[in-house]
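Participant: Model the full structure from these sequences, guided by the hints.
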Amino acid sequence: MQNSPVRLQTTRGVGSLRNARMLFALMIAVGLMFAGLAPSSAAPGMKKVIKFGVNRAADDLDPITQDANPNIWAFTQIYQFLVKVNVKGNGFEPDLAERWTTSPDGKTWTFFLRKNARFSTGDTVKANDVVASLKRARDTKGPWQWGLEAAQDIKAADDFTVAITLKEPWAPFLADISLFSNAIIPEKVIKNAKPGDISNKPVGSGPFMLVEWKKGEELVLKANPYYYEKGYPKTQELRIKYIPDDNARIIAVQSGDVDGIDYPPFSRMAELGRDPKLEAQLNPSTAVSHLSLNNRLSPLNEVKFRQALAYAIDRAALVKAVCFGVCTPATTFLPMTTPMFNASSKGYPYDLAKAKQLMQESGIPTPVNLKLLFWANNAVHTPTAVALKAMWAKIGVNLDLEPLDRAAATTKYRANNFQVYITGWTNDIPDPSQLAAYELGFTESQSYHSGYQSKEMDTLLARGLREMNPEKRRQIYYDVQDLALKDSPLIWLYYSPYTIAINKKMKGLVQLATGPWIFRNVTVSE
Amino acid sequence: MSTLVQEQRIVADTGGRPRLHPAMVIGGLMLLVIVGASLLAPVLTSYDPDGQDFDQILLAPGARHLFGTDNFGRDVLTRVLYGARIDLRIGILAVVFPFLFGSLVGSAAGYFGGWVDTIVMRTVDVITAVPFLVLVIAIVAFLGPGEVNILLAIGSVGWVTYSRLVRGEVLREKNLEYVAAARALGFHRWRILLGHVLPNAVAPAIIFLASDVVLVILTTASLGFLGLGVRPPSPEWGMMISEGREFLSNGWWVATMPGFACMYTGLMFILLGDGIADLLRVKGQ
Amino acid sequence: MHLLNYAIRRIGQTLPVALLVTVLIFMLIKLLPGDPATAILGERASDEAVRDLYRQWGLDRPLWQQYVMYMRNLVTGDLGQSLRYRTPVTELLPRRLGVTLFLVTYSIALSIALAVPLAVIAATHRDRWPDILVRALITVPLASPAFWLGILFLIVFALKLGWLPAAGYGEGFTDHLRHLFLPALTLAQAFTAVLTRNLRSSLIDVQTTTYVDFARAKGLDRQAVLFRHILRAALLPIVTLIGVRISFAIGGSVVIETVFALPGLGSWMVESILSRDYMVVQSLTLAFAFGAMLINLATDLVYPLLDPRVRVG
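Residue numbers (my numbering), protein chains in the order written: chain E, 1 to 526; chain P, 1001 to 1285; chain X, 2001 to 2313.
Treat the hints as calculated values from the structure; they're not laboratory data. One or more of the hints may lead you astray.
Claimed, not checked - Result set (BS3-like, lysine-lysine): computed pairs, CA atoms no more than 30 Å apart in a straight line:
| # | chain 1 | residue 1 | chain 2 | residue 2 |
| --- | --- | --- | --- | --- |
| 1 | E | Lys194 | X | Lys2160 |
| 2 | E | Lys505 | X | Lys2030 |
| 3 | X | Lys2030 | E | Lys214 |
| 4 | E | Lys277 | X | Lys2030 |
| 5 | X | Lys2160 | E | Lys507 |
| 6 | E | Lys47 | X | Lys2160 |
| 7 | X | Lys2160 | E | Lys48 |
| 8 | E | Lys504 | X | Lys2160 |
| 9 | E | Lys141 | X | Lys2030 |
| 10 | E | Lys371 | X | Lys2030 |
| 11 | X | Lys2030 | E | Lys412 |
| 12 | E | Lys455 | E | Lys107 |
| 13 | E | Lys84 | E | Lys47 |
Facilitator: This is the structure we're talking about:
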């Protein structure tokens, strides 16, 4: 340094200061780097964000108006209920209510709320929130109003006790209360909500809260900081990404872009199961696929004709064609996971000879021309339609396929402007009463728009809602299933499981039989 | 290569003697093959295009099924052959009529100008503005799905491109010397337009037509993708490609074989189109 | 000056045409069977619930009243409400528009970048092997369905090689570039083929005219002639095609958007039609109408710039 030019000499003093500053800056930079690598609130070696790809986008998160699964399954992460359905779908567990009692006359149910549940705003969940939410669900016209139609009076007995008085003792009441439309929303939000607020900015007490919503693209959910269960949710952030194309969605989970996906097509399940990185799940569901027949029109008004159609379907072959073998041929009208499902019922086994015989006995001249209405662009409806066409041709029925876009098809169906319609049902409660009323009891939907009306059935259904003895109730619903098969107003095809494919690094994902996934327990390792 | 030699080559090309273009020959042969195969389908294959066999689903191409089977056990080769009838029909109808109509209208608009141009071009604006899919969904919703309705939808929109292409060329052509000469000679306006200007202006439209046929067939695939295609179980190629996309990884032949058929047809029309365009180019000089 | 007058006249014609289009679309979509209430509430909704929602949204009023209301709101910049998302259209539009513009621009740029050299090679080696090779090669992507190509690209680049993401739009400019590359490439395929063929044909045409001979006679060397005169004149039909392509691309890219999970205008339009989200369809159509007309106008104005022999108006 002594020999360096004058210029350097003069800067030397400043240079050492500069050197010191540079060293200091370097230390800070290194420190920051390590800070970035420092363990966060997530467990060591675990990802901080769960990315899940779905085939339909959520568009509205208001629990009382929504019918579509993507919405329901999304808001189930955000809200809580008094009582929730267990995983198997055949019982209940406490959620916001720690315990509950029934009055001796069966008409009043009292729910005792836990005291430490809080909304994502920090407010404690209180009885008046429950009352406001349930009253809103009961009094607003929507697809789930029936869930609380038996509730005459809902009031807060004290800050943490809710009493619901029914018009009469109601057997499926607990099931009804567990319906997702009875989600608990803060009373403040309900009172001050402008139209669209609850749909777009849901506030709940569940493990996650909505942080950002890119409509039609992605939902970003973060942990509810006030969630009462310490240590949950196990992962702090959940992103639900909309990837509509089946192939692209599968590639996304195979390449690691997302950690899991829903609804991989049945045809891909075997292949995904063989992938060493992935776990392909077939989860029991409360789903059943069936055909609604317009019983008002000839020749569908002839019961022997309907029975012939039912016998002429080779359900095992249908399951091969549509589900690649992973579904179960249907027997009764109930999904097989429903409590009181009659497992020993034979349904309509494939019997071509019997079908032809019934056709003859019905006296209906062949060939018969029938129109089959279904949703275009549906990976399941189209192969069903094509298979049915070939099967029914064997008994002299010409099936004319009429695929329409969903809105047009639904409109025709609701106007009873159809002959045969492919559709399906998912139970939302672990009880046969929901489907039985909708499908076989004329008042709600004209019996799935088939027009079926039977005094005998109506009597059975009414008794089923009020019979409190479990054994007697089971027998009633067995009778309902048998009668439905005998009258055959609809034709039941198969029960299908939910399909999910996740990276093996994801642990703890649970899917309820009613459909919603539970992300509370999920961790994804790096 | 010196400029002089190049000029000579160009002059020789415009010598005025149309020769039998090799592209047209090959294209013509390909057309004969596919039309013949589709008409003779019942003879060439013993399978029923709708014949389902659930024990034979998704078989890879082999001796008994040259193109394999689909998810219903139907023979893919049979379906491709029967589908050729449908797709050739759709391709030609959905393209030829729009081409004829669009070229005529476009050339009139370009040549006469004024209010003719305004009306035609504003109509083009309106049609371009209506989203194609709204139109298709509307037609399908009112008239039901099916071949005729798809043709209606595609045709009513397709003529627009041809009209704009031809109009652009005509706008240039009409100011050229030979047109002025013809006018001076007293030829009638329509004769000039149809006999002289149009053949020169139509080359880009013909080139595009060749591509358009393939695009139309692929449009039916896209419509199938969106649920608006022809009715199942029709063996139309576009629908086969769309329905087969679920099996790209475990049954690639279901979607790819009709895709190859599309490529074959595309190449065929391109060759034919190039040949015709060359003929016209030589003639017009 | 003449051109300026023409431009002003055309812009003036745009407004009545746009209005006509809105009326047409309004009627068309209202006449479609099905309505948003049913589409949203689904199969199981009670008739009462559907009627209620219908009334809430003012859908029970006479058609002309609804149209007037829509137009009135339009003037104040209110594009209506998405019935499905219960959000104003103006909130949802920017991101969707951005995605589509980015995608379309990207794909046209790729198309031109690919097509120009290919066409020049083919035209300057007419009927010899480079020409035949080019023409044969471009048939392959031309005849391939977009979703098939798209999935193929995904399998190769996203899955096997892991170079690019599999789905979505991403955040931030460079992220968008990465996410949009495969979709833009897929979208560019068919158009590259169309462009190449037409450009080649135009180049051949122009090469053989006296116009070019004259330029050569003026003493310009081959390169200059090629790029200054031939290319410009040959661009005429190309510009037309690009113009038409852009108009159709916006709605026509729905397949690409669906395969690559891009939240663009095309898929939004289709989803809105399918769920009968009237306001969205109306507003998007209006935007398309203006856009398409502006593009048509732009191409008409560009014609005389490219080829002095063209007179418009």
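Participant: Work down the list of hints and note, for each, if the structure agrees.
Facilitator: Verification of the hints:
{"no.": "1", "hint": "E:Lys194 with X:Lys2160", "result": "violated, 49 Å"}
{"no.": "2", "hint": "E:Lys505 with X:Lys2030", "result": "violated, 49 Å"}
{"no.": "3", "hint": "X:Lys2030 with E:Lys214", "result": "holds, 28 Å"}
{"no.": "4", "hint": "E:Lys277 with X:Lys2030", "result": "violated, 49 Å"}
{"no.": "5", "hint": "X:Lys2160 with E:Lys507", "result": "holds, 25 Å"}
{"no.": "6", "hint": "E:Lys47 with X:Lys2160", "result": "holds, 23 Å"}
{"no.": "7", "hint": "X:Lys2160 with E:Lys48", "result": "holds, 26 Å"}
{"no.": "8", "hint": "E:Lys504 with X:Lys2160", "result": "holds, 19 Å"}
{"no.": "9", "hint": "E:Lys141 with X:Lys2030", "result": "holds, 24 Å"}
{"no.": "10", "hint": "E:Lys371 with X:Lys2030", "result": "holds, 26 Å"}
{"no.": "11", "hint": "X:Lys2030 with E:Lys412", "result": "holds, 16 Å"}
{"no.": "12", "hint": "E:Lys455 with E:Lys107", "result": "holds, 27 Å"}
{"no.": "13", "hint": "E:Lys84 with E:Lys47", "result": "holds, 28 Å"}
Checked against the numbered hints above, the structure violates hints 1, 2 and 4; every other hint is satisfied.
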